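Participant: Sequence:
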Amino acid sequence: MAHWLFKSEPSTWSWERQVEAGAKGTFWNGVRNHLAKQQMMAMKKGERGFFYHSNEERAIVGIVEIIKEYYPDHTDETGKFGMVDVKAVKALKNPVTLADIKAEPSLAEMALVKNSRLSVQPVTDEEWAVVMEMAGKK
DNA sequence: GCCAACGTTGGC
DNA sequence: GCCAACGTTGGC
1 MAHWLFKSEP
11 STWSWERQVE
21 AGAKGTFWNG
31 VRNHLAKQQM
41 MAMKKGERGF
51 FYHSNEERAI
61 VGIVEIIKEY
71 YPDHTDETGK
81 FGMVDVKAVK
91 ALKNPVTLAD
101 IKAEPSLAEM
111 ALVKNSRLSV
121 QPVTDEEWAV
131 VMEMAGKK
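Residues 1 to 138 (this note's numbering) are what the first sequence spells out, left to right.
Please keep in mind that the hints were generated in silico from the structure rather than gathered at the bench.
Listed below are the simulated DSBU-like cross-link pairs for lysine-lysine, each with C-alpha atoms no more than 35 Å apart in a straight line:
#1 90 to 114
#2 68 to 24
#3 7 to 45
#4 87 to 114
#5 68 to 102
#6 24 to 90
#7 114 to 37
#8 37 to 93
#9 45 to 87
#10 87 to 37
#11 68 to 114
#12 44 to 114
#13 102 to 7
#14 24 to 45
#15 93 to 45
#16 93 to 114
#17 24 to 102
#18 80 to 24
#19 7 to 80
#20 45 to 68
#21 80 to 37
#22 44 to 24
#23 80 to 90
#24 24 to 37
#25 93 to 24
Only a predicted model underlies this, so the values are computations on that prediction, with no experimental measurement involved.
Using the sequences and the hints, build the whole thing.
Facilitator: Rendered as structure tokens:
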């Protein structure tokens with residue numbers, strides 16, 4: 001199963017608000033980048049992704065699940081972009097920070113490290129397993 | 001269709 | 001707050 005990473009600034013859309021949205025989830029709108037769009041188009045219902053806080057926090061804080069596959073974003077007046085719906089699954093016991101990720105050799109190829117500006121990223125099964133391991137420790 | 005200029009993002 | 005990296009725009 002494919003895995004993903006959703007990046008958001010806490011001041012715009014935080015993990016706390018995602019949790020508050022509950023089981024019915026929310027739509028992940030506002031993506032205006034074609035690479036990020038391609039990632040979303042590849043997502044399947046039931047797949048999971050990390051929820052990453054950028055800027056102030058710079059850490060993976062939780063896990064979300066895709067509950068609705070790619071559909072048009074009505075807030076995009078150009079009609080080019082779409083979005084998916086996600087719901088919060090659970091918070092990580094220990095948030096995995098960007099510094100942690102950079103300190104871990106097996107995660108050196110993560111999109112988060114290589115292309116930090118991409119707002120929706122693919123995560124390999126290996127990377128997913130390593131991050132989950134790190135999240136459970138300490 | 002190329003590429004310089006500009007705006008935005010995000011780590012530091 | 002600064003600045004590098006990237007994407008987008010627009011002139012040619």
